[in-house]
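Q: Letter by letter, the chains look like this.
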Amino acid sequence: MKKIVINEEYCIGCRLCEVYCVSQHSKSKDIIKTFKSSEDRPVSGIVFEENGYTTFALQCRHCKESPCTTACLTSAMYKNNNEIVLHNKEKCVGCWMCIMVCPFGIIKPDLKNKKVASKCDLCIGREVPVCVEHCPNEAIVLKEK
Amino acid sequence: MKYVIIGYSVAAVNAIKIIRKFDSLGEIVVVTDEDRIYSRPLISYYLAGKVSKDKIGFIEYDFEKKYNIKVLYSTIVKKVDTKNFKIILSNRETISFDKLLITTGGKPIIPKIDGLENDTAGVFTFTKFSDAENILKYLEKNIVSESVILGGGLIGMKAAEGLLNKNIKLKIVDLTDRLLANTFDKKASNYLEKKLVEQSSEFIKENTITKVTTKNNKIVSVTLQNKKVIKTNMLIIAIGVKPNLDIIEKTNIKTDRGILVNEHMQTNIKNIYAAGDVAQGKDFLSNTNSVIAIWPVAAKQGKVAGYNIVGKDVSYDGMFAMNSVEILGIPSISFGITNPDIKDSQYKVLSREDKNFYKKIVLKNNKVVGAILINSIDRAGIYKLIIKEQLDVSEFYNNLLKDNFGFLVLPKNFRKHFVTGDGIEV
Amino acid sequence: MSKSKFRTDFKIVRDMEKCIKCQACARVCSNDAHVYDNESNSIISYNDKCVGCHFCEDLCPTGALTIKRNIPEIKFNSHWDSYSVYNIIKQAETGGVLLTGMGNDKPFKEYFDHIVLNASQVTNPSIDPLREPMELKTFIGKKPDKIELKYEPYKLEYNKPELKIINYKISTKMPPQLVLETPIMFSAMSYGSISLNAQKSLAKAATEFGTMWNTGEGGLHEDLKPYSKNVIVQVASGRFGVDIDYLESAAAVEIKIGQGAKPGIGGHLPGEKVDTEVSKTRFIPIGSDAISPAPHHDIYSIEDLKQLIYALKEATRYQKPVGVKIAAVHNIAPIATGAVRAGADFVVIDGMRGGTGAAPTVIRDNVGIPIELAIAVVDQRLRDEGIRQQASLIAAGGFRSSADIIKAIALGVDAVYIGTSALISLGCHLCQKCYTGKCNWGIATQDPYLTKRLNPEIGAKRAYNLLRAWSLEIKEMLGGMGINAIESLRGNREQLRGVGLSELELKLLGIKHAGEAW
Chain A
90 MKKIVINEEY
100 CIGCRLCEVY
110 CVSQHSKSKD
120 IIKTFKSSED
130 RPVSGIVFEE
140 NGYTTFALQC
150 RHCKESPCTT
160 ACLTSAMYKN
170 NNEIVLHNKE
180 KCVGCWMCIM
190 VCPFGIIKPD
200 LKNKKVASKC
210 DLCIGREVPV
220 CVEHCPNEAI
230 VLKEK
Chain B
1005 MKYVIIGYSV
1015 AAVNAIKIIR
1025 KFDSLGEIVV
1035 VTDEDRIYSR
1045 PLISYYLAGK
1055 VSKDKIGFIE
1065 YDFEKKYNIK
1075 VLYSTIVKKV
1085 DTKNFKIILS
1095 NRETISFDKL
1105 LITTGGKPII
1115 PKIDGLENDT
1125 AGVFTFTKFS
1135 DAENILKYLE
1145 KNIVSESVIL
1155 GGGLIGMKAA
1165 EGLLNKNIKL
1175 KIVDLTDRLL
1185 ANTFDKKASN
1195 YLEKKLVEQS
1205 SEFIKENTIT
1215 KVTTKNNKIV
1225 SVTLQNKKVI
1235 KTNMLIIAIG
1245 VKPNLDIIEK
1255 TNIKTDRGIL
1265 VNEHMQTNIK
1275 NIYAAGDVAQ
1285 GKDFLSNTNS
1295 VIAIWPVAAK
1305 QGKVAGYNIV
1315 GKDVSYDGMF
1325 AMNSVEILGI
1335 PSISFGITNP
1345 DIKDSQYKVL
1355 SREDKNFYKK
1365 IVLKNNKVVG
1375 AILINSIDRA
1385 GIYKLIIKEQ
1395 LDVSEFYNNL
1405 LKDNFGFLVL
1415 PKNFRKHFVT
1425 GDGIEV
Chain C
1116 MSKSKFRTDF
1126 KIVRDMEKCI
1136 KCQACARVCS
1146 NDAHVYDNES
1156 NSIISYNDKC
1166 VGCHFCEDLC
1176 PTGALTIKRN
1186 IPEIKFNSHW
1196 DSYSVYNIIK
1206 QAETGGVLLT
1216 GMGNDKPFKE
1226 YFDHIVLNAS
1236 QVTNPSIDPL
1246 REPMELKTFI
1256 GKKPDKIELK
1266 YEPYKLEYNK
1276 PELKIINYKI
1286 STKMPPQLVL
1296 ETPIMFSAMS
1306 YGSISLNAQK
1316 SLAKAATEFG
1326 TMWNTGEGGL
1336 HEDLKPYSKN
1346 VIVQVASGRF
1356 GVDIDYLESA
1366 AAVEIKIGQG
1376 AKPGIGGHLP
1386 GEKVDTEVSK
1396 TRFIPIGSDA
1406 ISPAPHHDIY
1416 SIEDLKQLIY
1426 ALKEATRYQK
1436 PVGVKIAAVH
1446 NIAPIATGAV
1456 RAGADFVVID
1466 GMRGGTGAAP
1476 TVIRDNVGIP
1486 IELAIAVVDQ
1496 RLRDEGIRQQ
1506 ASLIAAGGFR
1516 SSADIIKAIA
1526 LGVDAVYIGT
1536 SALISLGCHL
1546 CQKCYTGKCN
1556 WGIATQDPYL
1566 TKRLNPEIGA
1576 KRAYNLLRAW
1586 SLEIKEMLGG
1596 MGINAIESLR
1606 GNREQLRGVG
1616 LSELELKLLG
1626 IKHAGEAW
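Protein chains in written order, with our numbering: chain A, 90 to 234; chain B, 1005 to 1430; chain C, 1116 to 1633.
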């Protein structure tokens, strides 16, 4: 299975991965449209960390033995046949068990609507996730694991 | 090979998934006293009307077909015959097994209270789907404006959440001085107590119910230890659960509080395994055996049991208590040891708070062993990671409570190892 | 304080219909030309801070940014052009020497653009490099005056006299040689003037391709030791980073006398750029200025140079070629022969288009001679003196394409160094602000915020690609000329013709004018 690997040594902190992630998961999939309209703007599946010049963008590692899927009370967090961890908003009740167990802390809560706000889906349907494709410095790369 | 599983919830489901991975032909029979499979923690959401009856499950609709298992619903096991490797059902039928997995879970503890009968109307426990159903039925027939909950622990608070959503005022009675006493400290509890007051409810601490007064076998009031009488037509008993050991009583399966299991989730009898709330397995932090009745532990134990049942040597490395509860609109997550003995100099407590949030970290010998996070749960799992990995935080513990807490706070080698790794389970 | 009268070189044009306020530009600009303002939720761009590196333009996800040249429209004057006027204004304000980076950018005659190549037609067949072998292998080092062969009977196991085979062996002792897979090497660019990631990119590309990279005068960083089989190490007037390990780890040693961008001028790496790593690599204290004196204080004559050459040869037990790099100046031919006679195994001549990390603009733009003429006169002089084989000739300074390189080889060099074009392959947009240390592309900087922008994996791939592309093109051109080995083109000036050059220029270049047959 191909997995996203990050190289913090080469992250330039531009946060374009987030821009592309948001746009990819919007209805229009068009960057300008996504950001110009206030309604159709999903939360990015990326957690960006920054401390001085050290920066990196972390997204779901799609763990082999994924703690979030086992901890989920409703199986809203599940693995598809390709071992990709996905989230079904319909089923999510906002119990935050996934947030409790995710060792990478990459699941973001939407406290208002009581749902997991976003989670990387490896841009399902695309050969290369947009964050990987558009990372200007190959700080986010796809590797066979 | 014939596998029999008693109990049908998260531990059983995870075991089944693993067993089927390696044995597609063996017969799997599941016996459950429930009439359906559902996600037990969801009953409070069901009570509150946030989840409908059809969405309370946690497995695919075709799970039983897909994994080719036979489930006997509403079937009560009377006894396990450990000599002849069979189980005896209440209708005297027997089912033999090659491997048995016991996942009977827990059952509510019901204290002896003056005037309380088994069938007193208006008195409920709150651990099963049927409990929620019964409460809802009762609420339909009776006007309940105020209810008493005995026990301010997790189950009591989950019930409270459900009832507050129905606009029922509450009096929560607990022997300790705080809510969620097992995981919360007084400060954490204060955030919830304040919310309770906002909802015209009350937390009555360091108290208990000594008497239940009934009229026509229906509850009308309760009397507290301090002789105070509270008028109510509904009482939820939620002082705790204990492992459900009914079916193994008088067998040679060794028990303590729960069924004692080794790192393979095996009981003292070779082909009999136990997992979930009924099992007493390794506690990562204390390194002893204890019952940790939480969903992720049950899931993990179920998996480990599944592996060992099909002969794969997988060890359970122990977990620790943790919980995520959103109560009264306040999300909270706690891990491990949250109320250390402050006289013990090995421990060090860090905390940060304002009127909206509270964070507390417990260190033991410079390693994180526990945490409480109230209304600030972002990236909570990283605390779990560093507890599990026993990371020495002496160099940077000041940063553990900062707003930007994340992987960047952790030493580079440590975070690199995890971030570039295969994906892990912690 | 009086208002500055200086006008900005660039204008930042932001298409507000396209800008999504993602702030990528504000996050990356090292010159603070874009700043995000929280209060008004807007990005403010400052033209006066823009250096025209085009990093933001490249990064902008919606193409909202365009960086335009902003040439001040003062009254037209062909003598007092705006460049001169604004330089005067700048100096009137600062009272200082104007600094710049990269190579001479003035419109001097481009001799390469006045030289054309030959191709085979009918009488000599051209060669298709895709079907037939084409040799670019190049050897750098002193060649023996003649080759002597020794006959050796080959002894077989049973020693049967009738089976004795005559075997030829070269008895001449071959001086040490560098073997290159292509006649293109990466020029000296020191760690300090460029980032470690930039050096690593070049080192990796050179190693993978089978050519050489050059440490420059800043020493060899520990991380680059794995690439030392393909490194030429420099010994310059500052002697930074020079010790026996340094010399021994290298493939060859180069004494740097001069640099094409600033002949006669030394170097000065300001103390603020001397961080722990630079300090470790250069063997100087952290924060101290690294000053390379203009001359080597132990070299005031060819004889002195000879001493250093032999000291280095001695130190490396005559196992490695030792060369000398000099800037192309008026006396280049006699100086080059002097170096060869002093024992240099290769001589590098750096032309006036050669780059630098920092130089006074006036020096960069006005000192030195074009590399084309320097190559021609040096090659000719060495031939005339009968010592051309005693050293390889390497040219450096502004090679823009494979055509420039092949022409240089036909004019007489063995190989070329590329610096600027190598940096362009890494991302450089020639903003000429190397001396500020704020290179947004992560090349000419030691700022940890910026150096990480150059991923050496990507850099190495791109630099390698450039070597590959140019080598393929050289093969194509060679094939067209009916030549199957670069050796056969070296100094083969009959393959060149001048277009629009004066008689004197043709004479100096040693080529005929277009239209003249062999």
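Calculated directly from the structure, the hints in this document are not laboratory data.
The C-beta atom is built at its ideal place from N, Cα and C for all residues, glycine as well.
Please note: incorrect hints may appear among the correct ones.
Simulated pairs of lysine-lysine, BS3-like, Cα-Cα distance not exceeding 27 Å [to be verified]: (1) 1344/C to 1265/C; (2) 1070/B to 168/A; (3) 197/A to 1136/C; (4) 153/A to 1316/B; (5) 203/A to 1074/B; (6) 1126/C to 125/A; (7) 1070/B to 203/A.
Over the 12 Å line for every Cβ pair with chain A, so calculated as not near, a few chain B residues [claimed, not checked]: (8) 1080; (9) 1098; (10) 1125; (11) 1218; (12) 1304; (13) 1328; (14) 1384.
Label-pair restraints from in silico Cβ distances [what the hints assert, rightly or not]: (15) 217/A to 1421/B: 21 to 27 Å; (16) 1164/C to 1056/B: 57 to 63 Å; (17) 1364/C to 141/A: 29 to 35 Å; (18) 1138/C to 1349/B: 47 to 53 Å; (19) 1358/B to 199/A: 18 to 24 Å; (20) 217/A to 1318/B: 45 to 51 Å; (21) 1360/B to 1151/C: 23 to 29 Å; (22) 1064/B to 141/A: 33 to 39 Å; (23) 141/A to 1400/C: 20 to 26 Å; (24) 1577/C to 217/A: 15 to 21 Å; (25) 199/A to 1214/C: 52 to 58 Å; (26) 1224/B to 199/A: 42 to 48 Å; (27) 1400/C to 201/A: 55 to 61 Å; (28) 98/A to 1395/C: 15 to 21 Å.
Q: Of the hints given before, which are not true for this structure?
A: Hint check: 1, 5, 7, 12, 13, 14, 20 and 22 fail, others pass.
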